[in-house]
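*Asks:* Same order as they appear, the protein sequences are chains A and Y.
FYI, the numbering for the first sequence is 335 to 869, going by this note's numbering.
FYI, the numbering for the second sequence is 335 to 869, going by this note's numbering.
FYI, nobody ran anything at the bench for these hints, they're computed from the structure.
Keep in mind that a hint or two might mislead.
[Unchecked claim] Label-pair ranges, simulated between beta-carbon atoms:
1) A:Glu581 / Y:Met426: 50 to 58 angstroms
2) A:Val719 / Y:Glu695: 20 to 28 angstroms
3) A:Val719 / Y:Gln436: 30 to 38 angstroms
4) Y:Glu510 / A:Thr720: 41 to 49 angstroms
No residue lacks a Cβ here, since even glycine has one placed at the ideal position from N, Cα and C.
There are 2 protein chains.
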Amino acid sequence: MFLDCGMKPECLERTHACTGRTCKLHAERPRPGIEPRTFLLQDLLPSKNGEETTLQFLLEVVEILTSYVRKTFDRSTKVLDFHHPHQLLEGMEGFNLELSDQPESLEQILVDCRDTLKYGVRTGHPRFFNQLSTGLDIVGLAGEWLTSTANTNMFTYEIAPVFVLMEQLTLKKMREIIGWPNGEGDGIFSPGGAISNMYSVMIARYKSFPEVKTKGMAAAPRLVLFTSEHSHYSIKKASAALGFGTENLILLKTDERGRVIPADLEAKVIEVKQKGYVPMFVNATAGTTVYGAFDPINEIADICEKYNIWLHVDGAWGGGLLMSRKHRHKLNGVERANSVTWNPHKMMGVPLQCSAILVRERGLLQGCNSMCAGYLFQPDKQYDVTYDTGDKAIQCGRHVDIFKFWLMWKAKGTVGFEQHIDKCLDLSAYLYDKIKNREGFEMVFKSEPQHTNVCFWYIPPSLRGMPDGKEKRERLHKVAPKIKAMMMESGTTMVGYQPQGDKVNFFRMVISNPAATRSDIDFLVEEIERLGHEL
Amino acid sequence: MFLDCGMKPECLERTHACTGRTCKLHAERPRPGIEPRTFLLQDLLPSKNGEETTLQFLLEVVEILTSYVRKTFDRSTKVLDFHHPHQLLEGMEGFNLELSDQPESLEQILVDCRDTLKYGVRTGHPRFFNQLSTGLDIVGLAGEWLTSTANTNMFTYEIAPVFVLMEQLTLKKMREIIGWPNGEGDGIFSPGGAISNMYSVMIARYKSFPEVKTKGMAAAPRLVLFTSEHSHYSIKKASAALGFGTENLILLKTDERGRVIPADLEAKVIEVKQKGYVPMFVNATAGTTVYGAFDPINEIADICEKYNIWLHVDGAWGGGLLMSRKHRHKLNGVERANSVTWNPHKMMGVPLQCSAILVRERGLLQGCNSMCAGYLFQPDKQYDVTYDTGDKAIQCGRHVDIFKFWLMWKAKGTVGFEQHIDKCLDLSAYLYDKIKNREGFEMVFKSEPQHTNVCFWYIPPSLRGMPDGKEKRERLHKVAPKIKAMMMESGTTMVGYQPQGDKVNFFRMVISNPAATRSDIDFLVEEIERLGHEL
Numbered sequence: 335m336f337l338d339c340g341m342k343p344e345c346l347e348r349t350h351a352c353t354g355r356t357c358k359l360h361a362e363r364p365r366p367g368i369e370p371r372t373f374l375l376q377d378l379l380p381s382k383n384g385e386e387t388t389l390q391f392l393l394e395v396v397e398i399l400t401s402y403v404r405k406t407f408d409r410s411t412k413v414l415d416f417h418h419p420h421q422l423l424e425g426m427e428g429f430n431l432e433l434s435d436q437p438e439s440l441e442q443i444l445v446d447c448r449d450t451l452k453y454g455v456r457t458g459h460p461r462f463f464n465q466l467s468t469g470l471d472i473v474g475l476a477g478e479w480l481t482s483t484a485n486t487n488m489f490t491y492e493i494a495p496v497f498v499l500m501e502q503l504t505l506k507k508m509r510e511i512i513g514w515p516n517g518e519g520d521g522i523f524s525p526g527g528a529i530s531n532m533y534s535v536m537i538a539r540y541k542s543f544p545e546v547k548t549k550g551m552a553a554a555p556r557l558v559l560f561t562s563e564h565s566h567y568s569i570k571k572a573s574a575a576l577g578f579g580t581e582n583l584i585l586l587k588t589d590e591r592g593r594v595i596p597a598d599l600e601a602k603v604i605e606v607k608q609k610g611y612v613p614m615f616v617n618a619t620a621g622t623t624v625y626g627a628f629d630p631i632n633e634i635a636d637i638c639e640k641y642n643i644w645l646h647v648d649g650a651w652g653g654g655l656l657m658s659r660k661h662r663h664k665l666n667g668v669e670r671a672n673s674v675t676w677n678p679h680k681m682m683g684v685p686l687q688c689s690a691i692l693v694r695e696r697g698l699l700q701g702c703n704s705m706c707a708g709y710l711f712q713p714d715k716q717y718d719v720t721y722d723t724g725d726k727a728i729q730c731g732r733h734v735d736i737f738k739f740w741l742m743w744k745a746k747g748t749v750g751f752e753q754h755i756d757k758c759l760d761l762s763a764y765l766y767d768k769i770k771n772r773e774g775f776e777m778v779f780k781s782e783p784q785h786t787n788v789c790f791w792y793i794p795p796s797l798r799g800m801p802d803g804k805e806k807r808e809r810l811h812k813v814a815p816k817i818k819a820m821m822m823e824s825g826t827t828m829v830g831y832q833p834q835g836d837k838v839n840f841f842r843m844v845i846s847n848p849a850a851t852r853s854d855i856d857f858l859v860e861e862i863e864r865l866g867h868e869l
Numbered sequence: 335m336f337l338d339c340g341m342k343p344e345c346l347e348r349t350h351a352c353t354g355r356t357c358k359l360h361a362e363r364p365r366p367g368i369e370p371r372t373f374l375l376q377d378l379l380p381s382k383n384g385e386e387t388t389l390q391f392l393l394e395v396v397e398i399l400t401s402y403v404r405k406t407f408d409r410s411t412k413v414l415d416f417h418h419p420h421q422l423l424e425g426m427e428g429f430n431l432e433l434s435d436q437p438e439s440l441e442q443i444l445v446d447c448r449d450t451l452k453y454g455v456r457t458g459h460p461r462f463f464n465q466l467s468t469g470l471d472i473v474g475l476a477g478e479w480l481t482s483t484a485n486t487n488m489f490t491y492e493i494a495p496v497f498v499l500m501e502q503l504t505l506k507k508m509r510e511i512i513g514w515p516n517g518e519g520d521g522i523f524s525p526g527g528a529i530s531n532m533y534s535v536m537i538a539r540y541k542s543f544p545e546v547k548t549k550g551m552a553a554a555p556r557l558v559l560f561t562s563e564h565s566h567y568s569i570k571k572a573s574a575a576l577g578f579g580t581e582n583l584i585l586l587k588t589d590e591r592g593r594v595i596p597a598d599l600e601a602k603v604i605e606v607k608q609k610g611y612v613p614m615f616v617n618a619t620a621g622t623t624v625y626g627a628f629d630p631i632n633e634i635a636d637i638c639e640k641y642n643i644w645l646h647v648d649g650a651w652g653g654g655l656l657m658s659r660k661h662r663h664k665l666n667g668v669e670r671a672n673s674v675t676w677n678p679h680k681m682m683g684v685p686l687q688c689s690a691i692l693v694r695e696r697g698l699l700q701g702c703n704s705m706c707a708g709y710l711f712q713p714d715k716q717y718d719v720t721y722d723t724g725d726k727a728i729q730c731g732r733h734v735d736i737f738k739f740w741l742m743w744k745a746k747g748t749v750g751f752e753q754h755i756d757k758c759l760d761l762s763a764y765l766y767d768k769i770k771n772r773e774g775f776e777m778v779f780k781s782e783p784q785h786t787n788v789c790f791w792y793i794p795p796s797l798r799g800m801p802d803g804k805e806k807r808e809r810l811h812k813v814a815p816k817i818k819a820m821m822m823e824s825g826t827t828m829v830g831y832q833p834q835g836d837k838v839n840f841f842r843m844v845i846s847n848p849a850a851t852r853s854d855i856d857f858l859v860e861e862i863e864r865l866g867h868e869l
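Can you make the complete structure from the sequences, with help from the hints?
*Replies:* Next comes the structure, spelled out in structure tokens:
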């Protein structure tokens, strides 16, 4: 590393960062008399004369990263190079995960970087469909690189002036899109949808029983929360963590395609009230994790208004559809919610993490969470300290999650997000149409997908003639895991599977990846057939 | 942008990334006949033929970032270019924070990146002392760039195999350093010390009253938590959020230099028990936020053992001293804690965020938080699913905070962290010695600092002759904010201030910045004198 090969112009043409190690010409014609030197961390800034070494080191890292990015979008690259935990722990050809007392050379650090990527998963690959967050947006990536370089903290305007304002403006824009008058209200970016949902429960409790903040749950009657049996498990996590108890979270029945049945909610609210408990919080999901179902928000809002219950909309996954004139009707009624979770890192393709909790009533976040730490939120600063947002948060330090999102919004415009979302939904309709009547495929529910989730079983030929029953179910339950394991081992594509209720393991295809095209959908279907045919 | 200036070799020599815009030669001798083209997001990958544009765009971003890094370490650069919120919101010369429907060109995106850094705060500047997290580690930065490029999620081995193993090995190493036998136990990286502390309270509750998870706080007697009056406000936030109520958090008295008085703890535990409540949790702080005090862990542990109370050590700030053979005795007894918070993003200089919660007993994190989401934690995967750690967390998606830390550990070795910590503590001793008897300076407490916190008042000449009393106190209270405001407006340095208890506003100097030297300490002292002399 860092050996000047003496033929900069030529190798620069190729790599944009001249170093002896990456220059082929150099390898062929080593410059006589120059020995490579080992560089260490202490050769980097802030050490004296560390500037050039720092620049070269960072450029070498960037060379590794850009080469990774380029290959990620190349369909001939594998999605992953699978190894079992024990294989990686034992060490792969010079890649040793163990930490030691003595420093490694910067040369070895670069090798470690390359190996870390080599044995990882390319979540930006056009054929990676495994999670709700997929894809690699180049502007978002640039935004995240800048964020790391700025290396600051969201708690005060003092040390994050630009980012704090970007957050404020972006949250306002999101509230306008939700439909709250003039974008009024409040909100904060949090480390993921689970924490955003936890905020909603905390704020709802504070709104009804503010004394819980000081006196604890003992100051409130027995409080009950409601959410769909298809909703995300974070609502359950919140009910456990915040002291409600999971038994006080009541699961609501859903229709065949996973949407809450409002009548079931009302019946359960009445039942709870008859027991003398207090129905406090309803979560309506806009885009469930597995089926992609949108609960009927307006009908749920009617019930919440009637019984004076906080309505939260978990749009972690489906919130992005608000950006699309064609699809936003699926969230009709969202403007009646008291709070909304919306994760731009899912359907909007923003790099991880980027999740917002939005609250209709101003002041609740602050009232619920503020503890007025004197060392951080001094009232006698020279600027308008209402911009110090940290005391609203349950975190103290808070990562800058806004910049990449703001930068992407600048680069795409609102219309760019809309195009991306419409394209993903078109692709999922294409997949649905392709497999709904295809031999060997069976849909988990019959109606068209509301979101990009397409849930299906692949039935291998050996099971196709079998009568329905326990044996077929048991065998079918094993099909998706087997195909998935083969997919991962061959590294060709990745898609999720799971059981749901009484339904045995099925594939859940989701599309949020901007790199995916119809040909990738075709590939996935054919790959499932190829791998599953003999099962 | 992206205009080939036709003189690549020359300008590459200068910038390592040839673009028309940054090449001075080009500006002087524009190549005739070539017009700059406006590039947009859709020219980048994954679009067809987007490879070259993507590479050039990213290299231009890197050019902005490396130039920022270089200037950050240059003492002639300002720490910040202060503007009030309304100024930035009104828009600064072409820097418009508002989001719009239509996309901006990539050229404008680069300008936005440059401006975002321009109006921000250089937290890596050698004279930035404002927070517990300061400095910019180049290897850590490279690690964070890689993390963003990998853009994955910690919840499963499936999509983060390497990172999950790195986390496991690093947590084990940290537990060994704490002194738990064979590094046994458990832990997780969380988004900041406040959440790590919240975990500790949750786990403590689960250990004593596991039924709270399902039945809520009503299933437990009245539970009481204890922490120092000097401890971090996150303990109070946790007691509010988790349903204990802040009134059930009892603040412990401290000695003159901010350490808990163990006898006060025991007296209060007895009092609580006499009332029939249950003392459940004691937080001992290793390195308080303002004074940098270390509570006497062994004496507190004796009391916790005697009364069967969970002992948590909040080492968010002071945990790093465990890496130093010279200073780790300040945490003597930490191995007796049931849980420990330790933020490598503070004293160890890891980029934000990187915080660990470590737990002595295995299984509690899982027991407390697991909800067994079928769509994520399938039991029938082909690999050993005990590596899927997501169900331990209160988050669902979890950012990869481990890689930058792991990579820094590789590059520095354990000894490198030790050197860094010893150097910071030496610098704070230097500051203490310099000002303890200096005219115009008065220490907030007399004894030598235990950590790098040095707390002092600057007394301007106009106040020096005044008798102690209300008027002097009121005037002195305004001195630190005024000096701080002038510092920020001149952009020369940044240091925090706050009141504490009955003590009026004083400066809290903290040193975690690896770029700081004695000359920067000298500068700070002289700058305070220069700015405060006329007050």
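*Asks:* None of the hints should be skipped; say for each whether it holds.
*Replies:* Tested hints:
The hinted range of 50 to 58 angstroms is satisfied by Glu581 (chain A) and Met426 (chain Y), whose Cβ atoms lie roughly 55 angstroms apart. Evaluation of the 20 to 28 angstroms hint for Val719 (chain A) and Glu695 (chain Y) yields a failure: the beta carbon distance comes to about 42 angstroms. Between Val719 (chain A) and Gln436 (chain Y) the C-beta distance comes to about 35 angstroms, which sits within the given range of 30 to 38 angstroms. At roughly 46 angstroms, the beta-carbon separation of Glu510 (chain Y) and Thr720 (chain A) lies within the given 41 to 49 angstroms, and the hint holds.
Against the hints set out earlier in the document, a violation occurs for number 2 only.
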